[in-house]
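Take the sequences, apply the hints, and build the full model.
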Amino acid sequence: MKSASYLRSMRFVRFFLFLLLTIGLLWLLQTPQHVGSNTLPALGSFFNPFSGFWLNAESTAGFPAAEIQISGLKGKVEVVYDDLLVPHIFAENTEDALRAQGYVTAKHRLWQMDISTRKAAGRLSEVLGERTLNIDRLSRRRGMVFAAENAVRGWSKSPEGMRLLEAYCAGVNAYVAQLKPADYPLEFKLLGYAPEPWSPLKTALLVEAMAETLCAGENDLASTNAYALFGRDTFNYLYPEWNPKQRPIIPDTGQWAAIPRPQTPAYEPDYSSAPQEATGQAPLGERPDYIVGSNNWAVAGSKTASGDPILCNDPHLNLTLPSIWFQVQIHTPGQNCYGVSLQGLPGIIIGFNEDIAWGVTNVGHDVSDWYRIRWADAARTRYLLDGEEREAELKVEEIRIKGQAPLLDTVRYTVWGPVAYDHDPEHPLRDCALRWVTHDEPAPAEMMMLMWLDGAKNYADYRQAIRGYESPAQNFAFASRTGDIAMTVQGRLPIRAREQGRFVLDGSKQASAWGGFIPPEQVPAMRNPARGFVFSANQHSTPPTYPYYYLSPDFDGTRGRHIFDRLTALQNATADSMKTIQLDNFSQRAADALPVLLRLLNRDKLGEEGKKLAAELSNWDFRYEASATAPPLYEVWFDSCYWRTWDEITMLREQGKSVLLPERWRFIELLESDTASIFFDRQDTPQRETARELVHDAFARMQKFFEENPEKRVRWGKYRPFAIRHIAQIEAFSRTDLELGGHGSAPNAISRSNGPSWRMIVELGEQVRAKGVYPGGQSGNPGSRYYDNMVDAWATGKYYDLLFLKNKDAAPADRELARLTLLPK
Amino acid sequence: MKNTLFVFGLVFFAGQLCHMGVPWWGVAPIGVLAGWLFPQNVGRGFIAAFLGGFLLWLSAAYLLDVPNEGILSARIGNLFMGLSSGHILLLTGILGALPAGFGYLTGHAARSAFGTK
Numbered sequence: 000m001k002s003a004s005y006l007r008s009m010r011f012v013r014f015f016l017f018l019l020l021t022i023g024l025l026w027l028l029q030t031p032q033h034v035g036s037n038t039l040p041a042l043g044s045f046f047n048p049f050s051g052f053w054l055n056a057e058s059t060a061g062f063p064a065a066e067i068q069i070s071g072l073k074g075k076v077e078v079v080y081d082d083l084l085v086p087h088i089f090a091e092n093t094e095d096a097l098r099a100q101g102y103v104t105a106k107h108r109l110w111q112m113d114i115s116t117r118k119a120a121g122r123l124s125e126v127l128g129e130r131t132l133n134i135d136r137l138s139r140r141r142g143m144v145f146a147a148e149n150a151v152r153g154w155s156k157s158p159e160g161m162r163l164l165e166a167y168c169a170g171v172n173a174y175v176a177q178l179k180p181a182d183y184p185l186e187f188k189l190l191g192y193a194p195e196p197w198s199p200l201k202t203a204l205l206v207e208a209m210a211e212t213l214c215a216g217e218n219d220l221a222s223t224n225a226y227a228l229f230g231r232d233t234f235n236y237l238y239p240e241w242n243p244k245q246r247p248i249i250p251d252t253g254q255w256a257a258i259p260r261p262q263t264p265a266y267e268p269d270y271s272s273a274p275q276e277a278t279g280q281a282p283l284g285e286r287p288d289y290i291v292g293s294n295n296w297a298v299a300g301s302k303t304a305s306g307d308p309i310l311c312n313d314p315h316l317n318l319t320l321p322s323i324w325f326q327v328q329i330h331t332p333g334q335n336c337y338g339v340s341l342q343g344l345p346g347i348i349i350g351f352n353e354d355i356a357w358g359v360t361n362v363g364h365d366v367s368d369w370y371r372i373r374w375a376d377a378a379r380t381r382y383l384l385d386g387e388e389r390e391a392e393l394k395v396e397e398i399r400i401k402g403q404a405p406l407l408d409t410v411r412y413t414v415w416g417p418v419a420y421d422h423d424p425e426h427p428l429r430d431c432a433l434r435w436v437t438h439d440e441p442a443p444a445e446m447m448m449l450m451w452l453d454g455a456k457n458y459a460d461y462r463q464a465i466r467g468y469e470s471p472a473q474n475f476a477f478a479s480r481t482g483d484i485a486m487t488v489q490g491r492l493p494i495r496a497r498e499q500g501r502f503v504l505d506g507s508k509q510a511s512a513w514g515g516f517i518p519p520e521q522v523p524a525m526r527n528p529a530r531g532f533v534f535s536a537n538q539h540s541t542p543p544t545y546p547y548y549y550l551s552p553d554f555d556g557t558r559g560r561h562i563f564d565r566l567t568a569l570q571n572a573t574a575d576s577m578k579t580i581q582l583d584n585f586s587q588r589a590a591d592a593l594p595v596l597l598r599l600l601n602r603d604k605l606g607e608e609g610k611k612l613a614a615e616l617s618n619w620d621f622r623y624e625a626s627a628t629a630p631p632l633y634e635v636w637f638d639s640c641y642w643r644t645w646d647e648i649t650m651l652r653e654q655g656k657s658v659l660l661p662e663r664w665r666f667i668e669l670l671e672s673d674t675a676s677i678f679f680d681r682q683d684t685p686q687r688e689t690a691r692e693l694v695h696d697a698f699a700r701m702q703k704f705f706e707e708n709p710e711k712r713v714r715w716g717k718y719r720p721f722a723i724r725h726i727a728q729i730e731a732f733s734r735t736d737l738e739l740g741g742h743g744s745a746p747n748a749i750s751r752s753n754g755p756s757w758r759m760i761v762e763l764g765e766q767v768r769a770k771g772v773y774p775g776g777q778s779g780n781p782g783s784r785y786y787d788n789m790v791d792a793w794a795t796g797k798y799y800d801l802l803f804l805k806n807k808d809a810a811p812a813d814r815e816l817a818r819l820t821l822l823p824k
Numbered sequence: 000m001k002n003t004l005f006v007f008g009l010v011f012f013a014g015q016l017c018h019m020g021v022p023w024w025g026v027a028p029i030g031v032l033a034g035w036l037f038p039q040n041v042g043r044g045f046i047a048a049f050l051g052g053f054l055l056w057l058s059a060a061y062l063l064d065v066p067n068e069g070i071l072s073a074r075i076g077n078l079f080m081g082l083s084s085g086h087i088l089l090l091t092g093i094l095g096a097l098p099a100g101f102g103y104l105t106g107h108a109a110r111s112a113f114g115t116k
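If you read the protein sequences in the order shown, they are chains A and B.
Letter by letter, the first sequence follows residues 0 to 824 of numbering that gives the first Met the number 0.
Letter by letter, the second sequence follows residues 0 to 116 of numbering that gives the first Met the number 0.
A couple of the hints might just be wrong.
From the structure, some residues in chain B lie toward chain A, with a derived Cβ separation under 10 Å [said to hold, decoys possible]:
#1 P22
#2 L32
#3 G34
#4 P38
#5 L63
#6 T105
#7 A108
#8 A109
#9 A112
Hints listed in this document are in silico derivations from the structure and should not be mistaken for laboratory results.
Since the model is a prediction, treat every value here as computed from it, not as a measurement.
From the three backbone atoms N, C-alpha and C, an ideal C-beta is built for every residue, glycine too.
Printed below as a string of structure tokens:
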């Protein structure tokens, strides 16, 4: 028989056991769990239906009308949401309108605002841990924060611009301040951190992030290495800068005759020594593998059915969820404007008002150069400039890392800019400083650019508004109700001596500096050309007769040529005919290359199956339709030809050396005109091949590839993977189920993860009529029906009629979803 | 039997009030309280607390899931290795049930160790 004290002690043991079990269970559910390479959120708080993810499940029926008080408002603001969740803001003045814009943008896109500026700020590791440390380090070392601080300094010199920006920030913060943890956007709960207040610096970081995407490209090292490898004559042969077939954005009509050639001292590059030094490990893989491009055009009334101008724009960017763009209408007594905005930037970037419409594409000039520094001491704190020693400015970056001690990283700043890669002793740009336009303090007027443009009434207003715009440089297409159309290549564009900046520059000479910037009145521009249209598609801004030298890492002429042909042939244009151009899957590049390849192919030597494939290719209309089966054949064949031709270069690239590859248009030109070129000879065979043998061999490889991989012998939409990924690459919040046509070389420039991020068509006239669509939804919340509700329409080439309201009560009842009233506190 | 209903009722109803603003583990101390206040057969009591917590969380989640037409629960299901909306609801219920049930066991054991007969 057990004693009473034994039983009593057993009760204690049992109690402690259960207590421990309960605490253990709570601890387990309280702690984020690592499953493989993924981290699952703490299950207890994440699943808690009173504060976890469930609270992000928005009712599909919309939301009830609400009244909210915001301090700083001068009057009442009414926000009318339409059935696509587009907020139409009606305010009594611009400041109130922007405060409201900040509020509603934060309401729907707060986490996106946070994460997109965190990358530029080099602060991802604070919330994601060590895995993003290298991204953060590079952002800091490339001077992203330095650039943002300079931007805020520049904008601050315009009190009006700053007042409006601060009103926008205060609107964001009014939303953030009233959030309880239960209200945080889903991703904050998932990743386990909290939103922060917004600030002008964060807006600047957003602008720098766009600049990083749009104007950070350069081929300096790869070109330098190619020059060292091949010498001047072969270099010129392989890498000509001007494609004679392309249609530049602004043709030469004699308008530049009066501009004197710039008097910059002729740049004398010292190629004999520097390039060899530069040969080394390449920063391969740092640039995204997609091509960022865009189309815009404006057609004069002489070419349209209605007699009114039509303006179209489809900026091609990396497609993400939440979407890059956020639609909004801003109505004040002084202006009424509709379009797409970027989360964190006040105003509308691409859009229209009652008088004008505008759209942008990327100019793509190379505005970032590397300058080789000659250090004066072993510690690399002083460097030589024209024989004199200069002190490098040392900036210590503190990168905070979740769960670890912060990393302190010292970055050297020279007269050119930051020495970005000297933390890596093996890096070929280790001793080079980055000179990047985006680092420069902008003109104070830059912040006002969108305000002025959003309220512009005519051509003169438009030119005046964009005059102060600097970076990233954009091709601004314009059309007005009164019949004007125009195009301006606007931005801070360096004045360079011929080929200056094509190669790594000598940073020990002041003479290596740019010769200033092209004056705003001399940037390439045109208004009301006789041909009846203006257009741009990331091609050369001008023919070589333009007085200023410029270069680009990736001018793309193929889309532009086809759009030029389509617009030239256009008569009685309507919004529908504009759609057919935006959705056009015709590839000018394939139309250039395939006939040449087929001509070089010896069909008599092909077997039965080979002849069938050749026939299928011959019958292809060069359209990358989702249902077409010829494009995969062509792609594999062309790529095989291309990569096998440049085996000399790819061998080096495989060893990690960065050597420039010839552009595809030049490759096609060589196939056409120089079939005996030494470059068609394979390095790994004793005999000497010509283009004919190379093309034939590549065809056989293509045939074998599809015989060995029959699952790849499918229609284009299935062959080419496509995804719209969540910004944090969360698969469950991405769309990977779409089969699409299109190609980077076609106007409908859809590639794996990149494509038209906003398709807009605006018909000017007494009543402005506009259509638009983007591959996403207005809400950034994966728990909202408006998260990806426009994706299917976008994928199938449908557009929405944009609801452009004259006043707050003008929305048809069936298109009004809800109302939000903002009142002064 | 009455005490069993009390356990269930305390967890389910006090849980409703208590969850407004308290941390997610608030349901565990309620389970402890129920175990202390309503002694009975431990198995039955555990099941009552477990069910109370289960229904507390499940019903709250369900009331959000229905007007959302399951959009979010489907996405969260994908996030958790391809579970369905229904699985996510079930998992939510279990995550509410476990702390309540274990809390009950602790409270029950505490009473038998420290309480007066």
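### Query
Going by Cβ atoms only, is A108 (chain B) closer than 10 Å to chain A?
4 Å, holds
### Message
Min Cβ distance, P22 (chain B) to chain A: is it shorter than 10 Å?
### Response
7 Å, holds
### Message
Under 10 Å is the threshold here; is the Cβ of L63 (chain B) close enough to any Cβ of chain A for the hint to stand?
### Response
4 Å, holds
### Task
Against chain A, run the beta carbon of A112 (chain B) and see if the smallest gap drops under 10 Å.
4 Å, holds
#### Entry: Satisfaction of the G34 (chain B) interface hint, Cβ to chain A closer than 10 Å
Holds - the Cβ of G34 (chain B) comes within 10 Å of chain A, reaching about 9 Å at its closest.
### Cut-off 10 Å, beta-carbon criterion: hint that P38 (chain B) touches chain A
Nearest chain A Cβ about 13 Å off; hint violated.
### Query
Taking the closest Cβ pair, is T105 (chain B) under 10 Å from chain A?
4 Å, holds
### Residue hint L32 (chain B), partner chain A, criterion CB-CB below 10 Å
13 Å, violated
### Query
Taking 10 Å as the limit, does the beta-carbon of A109 (chain B) come near enough to a beta-carbon in chain A?
5 Å, holds
Of the numbered hints listed earlier, those contradicted by the structure are 2, 4.
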